[in-house]
Amino acid sequence: MNPRPPQLRRLALVVLAVLLLGGGSLGYVLHARHRDLPTTAADGSFSLAEPGLYYRDSATGRIARRGGTGGPPATGGPACERFYAAGERALCLRKLPGIPARTQALVLDRRLREVQRVTVPGIPNRARVSASGNVVSWTAFATGDSYATSAFSTRTSLLDLRTGYLIKSMEEIPLTIDGTRYHAPDVNYWGVTFARDDNRFYATVSTKGRTHLVEGNLHDWSAKALRENVECPSLSPDDTRIAFKKKVSDDPAAPWRLYVLDLADMREHPLAETRSVDDQAAWLDDGTIGYALPGRDGRDSDIWSVPADGTGEPRLLVPGGSSPAAAN
Numbered sequence: 001m002n003p004r005p006p007q008l009r010r011l012a013l014v015v016l017a018v019l020l021l022g023g024g025s026l027g028y029v030l031h032a033r034h035r036d037l038p039t040t041a042a043d044g045s046f047s048l049a050e051p052g053l054y055y056r057d058s059a060t061g062r063i064a065r066r067g068g069t070g071g072p073p074a075t076g077g078p079a080c081e082r083f084y085a086a087g088e089r090a091l092c093l094r095k096l097p098g099i100p101a102r103t104q105a106l107v108l109d110r111r112l113r114e115v116q117r118v119t120v121p122g123i124p125n126r127a128r129v130s131a132s133g134n135v136v137s138w139t140a141f142a143t144g145d146s147y148a149t150s151a152f153s154t155r156t157s158l159l160d161l162r163t164g165y166l167i168k169s170m171e172e173i174p175l176t177i178d179g180t181r182y183h184a185p186d187v188n189y190w191g192v193t194f195a196r197d198d199n200r201f202y203a204t205v206s207t208k209g210r211t212h213l214v215e216g217n218l219h220d221w222s223a224k225a226l227r228e229n230v231e232c233p234s235l236s237p238d239d240t241r242i243a244f245k246k247k248v249s250d251d252p253a254a255p256w257r258l259y260v261l262d263l264a265d266m267r268e269h270p271l272a273e274t275r276s277v278d279d280q281a282a283w284l285d286d287g288t289i290g291y292a293l294p295g296r297d298g299r300d301s302d303i304w305s306v307p308a309d310g311t312g313e314p315r316l317l318v319p320g321g322s323s324p325a326a327a328n
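In the UniProt record's numbering, the protein residues as written are 1 to 328.
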């Protein structure tokens, strides 16, 4: 038998080295590419027609609903990593298999049927829909998995369903800080929240190790910084207050606390939840904030609520849930 040509011998050695150094990662990639994606479609009987608290069920990865009667939850929603719903639309984010990481954003109607899909790089992180359902936004991590570290990069996209105009990354929006047009290569946006006029929005921008609350204008395509140390804003249903997480400690295990900011006088107050919340809180009504915390008894996460005025105490709403959204 003739010996292998030198080129083939070198190729075999390279492949062997990759397998050894990768610790089996190549096999994982091949497996991930060939396995079936989870079903994203909702069952025919599950829709946004019923009022209640919609959320991602940790056990199934699908969206469920709890009504106000206290009975068992309704199941059969789409499979999502992150979810939000408002008005006539819902937004479902899921991580596609394979490397590099990719996020698929699915825009759904009130019957939770697919209207549009967009694929972007990164890991699903935040999802928001304007009150009317006309505008949606999502954030994906490009690298890293925690805001508590500096080694991460985000990509925040915005889609206007009225015109079909898609902005895959908001980093190029003209930004003003301290009254001056601001330019820096490290600018990152995340956690968009919309006003009821489908024009004004708020988001977090980070740069030079600082985070800012910015107010944006879709018509003018501009943004201006309002305040430092505001992350993951969530605008109240009456457009007057913003719930957000504020960095209160350098402890990477517990850096944040939930606050509410009054936009009329820019005064803020802490909420009764004293645990560190790494989530974009959701307004369940004009006076109640919902959010996810790491779960107990081995659950991925639980959904809690707390009064928005700083009184009361946290209340467990959904064991084994995340991505809360109140739909009427």
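I should point out that these hints are in silico values taken from the structure, not numbers from a laboratory.
None of these values were measured; they are calculated from a predicted model.
Cβ coordinates follow ideal geometry from the N, Cα and C atoms, glycine included.
Worth double-checking, as some hints may not be accurate.
The calculated label-pair distances, taken between Cβ atoms and stated as ranges, are [unchecked claim]:
id, residue 1, residue 2, range
1, Asp178, Ile99, 28 to 34 angstroms
2, Gly298, Asp178, 17 to 23 angstroms
3, Ala254, Pro72, 45 to 51 angstroms
4, Asn229, Glu88, 24 to 30 angstroms
5, Asn217, Pro72, 31 to 37 angstroms
No farther apart than 30 angstroms at their CA atoms in a straight line, the calculated lysine-lysine pairs in the BS3-like style are these [as the list claims (entries may be wrong)]:
id, residue 1, residue 2
6, Lys168, Lys224
7, Lys168, Lys246
8, Lys246, Lys95
9, Lys208, Lys168
10, Lys246, Lys208
11, Lys246, Lys224
12, Lys168, Lys247
13, Lys208, Lys224
14, Lys208, Lys247
15, Lys95, Lys247
16, Lys168, Lys95
17, Lys224, Lys247
Here is how each hint holds up against the structure:
1. Asp178 with Ile99: 28 to 34 angstroms: violated, 41 angstroms
2. Gly298 with Asp178: 17 to 23 angstroms: The hinted range 17 to 23 angstroms is violated for Gly298 and Asp178, with Cβ atoms some 47 angstroms apart.
3. Ala254 with Pro72: 45 to 51 angstroms: violated, 34 angstroms
4. Asn229 with Glu88: 24 to 30 angstroms: violated, 35 angstroms
5. Asn217 with Pro72: 31 to 37 angstroms: 44 angstroms Cβ-Cβ, so the 31 to 37 angstroms window is violated.
6. Lys168 with Lys224: holds, 20 angstroms
7. Lys168 with Lys246: Distance ~27 angstroms between Lys168 and Lys246 Cα, so the pair holds.
8. Lys246 with Lys95: Given pair Lys246, Lys95 holds - Cα atoms ~28 angstroms apart, limit 30 angstroms.
9. Lys208 with Lys168: holds, 23 angstroms
10. Lys246 with Lys208: holds, 17 angstroms
11. Lys246 with Lys224: Answer holds: Lys246 to Lys224 is near 19 angstroms, not above 30 angstroms.
12. Lys168 with Lys247: holds, 28 angstroms
13. Lys208 with Lys224: With a Cα-Cα distance of about 16 angstroms, the restraint between Lys208 and Lys224 holds, given a limit of 30 angstroms.
14. Lys208 with Lys247: Holds, because 16 angstroms separates the two Cα atoms, which is no more than 30 angstroms.
15. Lys95 with Lys247: holds, 28 angstroms
16. Lys168 with Lys95: holds, 17 angstroms
17. Lys224 with Lys247: Satisfied, since the Cα-Cα distance of roughly 21 angstroms is no more than 30 angstroms.
Hint violations for this structure: numbers 1, 2, 3, 4, 5, all remaining hints satisfied.
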